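Sequences and hints are given; from them, build the entire structure.
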Amino acid sequence: MRASRLLSILLLLQAHGRLTAADLAARLEVSVRTIYRDVEALHAAGIPVYGEAGHAGGYRLVEGWRTRLTGLTAEEADRLLFAGLPGPAAELGYQSVVAAVQLKVRAALPTPLADRAARLEQRFHLDTPGWYSDGDPSPHLAEAAEAVWREHRIRVRYRGWRGEVTRVLEPYGLVLKGGRWYVVAARPDRAEPATYRVNQILDLTPLDEPFDRPEFDLPGWWRAHVVAFRAGLHRDEAAVRLSPRGFARLREVGSDVVVAAAEASAGPPDEAGWVRAVIPIESLTHAHGDLLRLGAEVEVLSPEPLRRRLTETAAALTALYPSP
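In mature numbering (1 follows the signal peptide of the UniProt record, and there is no 0), the protein residues as written are -21 to -1, 1 to 303.
Simulated from the structure, these hints should not be mistaken for lab results. Here the structure is a predicted model, which means the values were calculated and not measured. Note that the Cβ used here is the ideal one computed from N, Cα and C, for glycine as well. Where hints are given, some of them may not hold.
Quick list of the computed label-pair ranges, beta carbon to beta carbon [to be verified]:
#: 1; residue 1: ARG136; residue 2: ALA210; range: 28 to 34 Å
#: 2; residue 1: ARG136; residue 2: PRO223; range: 47 to 53 Å
#: 3; residue 1: LEU271; residue 2: ALA207; range: 24 to 30 Å
#: 4; residue 1: ASP94; residue 2: ASP182; range: 47 to 53 Å
Below is the structure:
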C-alpha cells in the first residue's frame, strides 16, 4: 500500500510540478504527517524531490527528472474503462484505483500529449445524472459490482412494482442509464435475463456459489431491451388540443415518440392557433401526470376517463385556490 502511495506522490509531482503537503494529503486521503514521512522515504531512496518554504512553496521534483515506473497493475487495467467516468467510478468504489490509472497514463505520455490531455479534461465533462436528480445511490452497488466481476450468485430482497420479493440472481453486468444503475441478471431457474434497478435492492447477500456466465453481449442485449421497452411503452392514445405555447412546451417535456406523433398528426390551427393532434400514452395515470405539466395549454378530447381525471384535478385546484 505504501509503495503504491510513494509512486502516486511521484506521479502527482510529475504531473503538477509543485504541490504542498496538504495538497498531496488531500489527494491521497492520508494525513499531512504521513506525507512528510513518505517524502523522507523518497529522499532516502535517492529520488530528487525537494521542498520550498513559504506561502508559494511545496514539493517539487528536480527539473527534467521523470519516473518510468508507470506500469498498470492488474486491478488498474481492469478499471481502465472508468478513467473518463469519475462519478460512476466513485459510486462503484473504484475511485482510488481509477485515480492511479489516470496518473500513470498521463505520466507515460510525452509532455505535449500530456498537456493536451489536461486541456481536454478541463473542456469536456460527463455528468450522467439528470437535472432534477443527484443520481441513483445504493448501498449495495459495490457488492453487486463485485458479484458481477467474480461471477458469483447473490440473494436479494427486491422492491418491484408488485411488492417485495426475494430472488437468487446470477448477475451478468451493470448498466448506467440516465444516472440510474441497473443489474442485468438471470435466475437459476430461468435462462432469460432481466433488469433490476440497483437502488430498489433492499438487502443483498453475496453467495459463495459461482455460476457459469454464458457468452453474453451486454451492450447488444441492452440496446435490444431499450428498443423493446419503448415499443411496448405506449399502449393507448389520446386526442388533444394544443395551444401554440402548449405545442412548444410539449417539445420540451414530451418524449421523442410523443412529440413525433403530435407533429405527424397535427391538423391545421384554428382561429386562436390551437391544433388537434393524437399522441400515444402509456396509461391513464402516466398521461394524467404528463399532461398536467402543460397546464391550461392543452385540452384532452379523449379518452373520456383521462378527460374526467383532469377535470377532477382542475376542480380540486380551484377549490384549493379560490378566486379572491
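How the hints compare with the structure:
| no. | hint | in the structure |
| --- | --- | --- |
| 1 | ARG136 with ALA210: 28 to 34 Å | holds, 31 Å |
| 2 | ARG136 with PRO223: 47 to 53 Å | holds, 50 Å |
| 3 | LEU271 with ALA207: 24 to 30 Å | holds, 28 Å |
| 4 | ASP94 with ASP182: 47 to 53 Å | holds, 48 Å |
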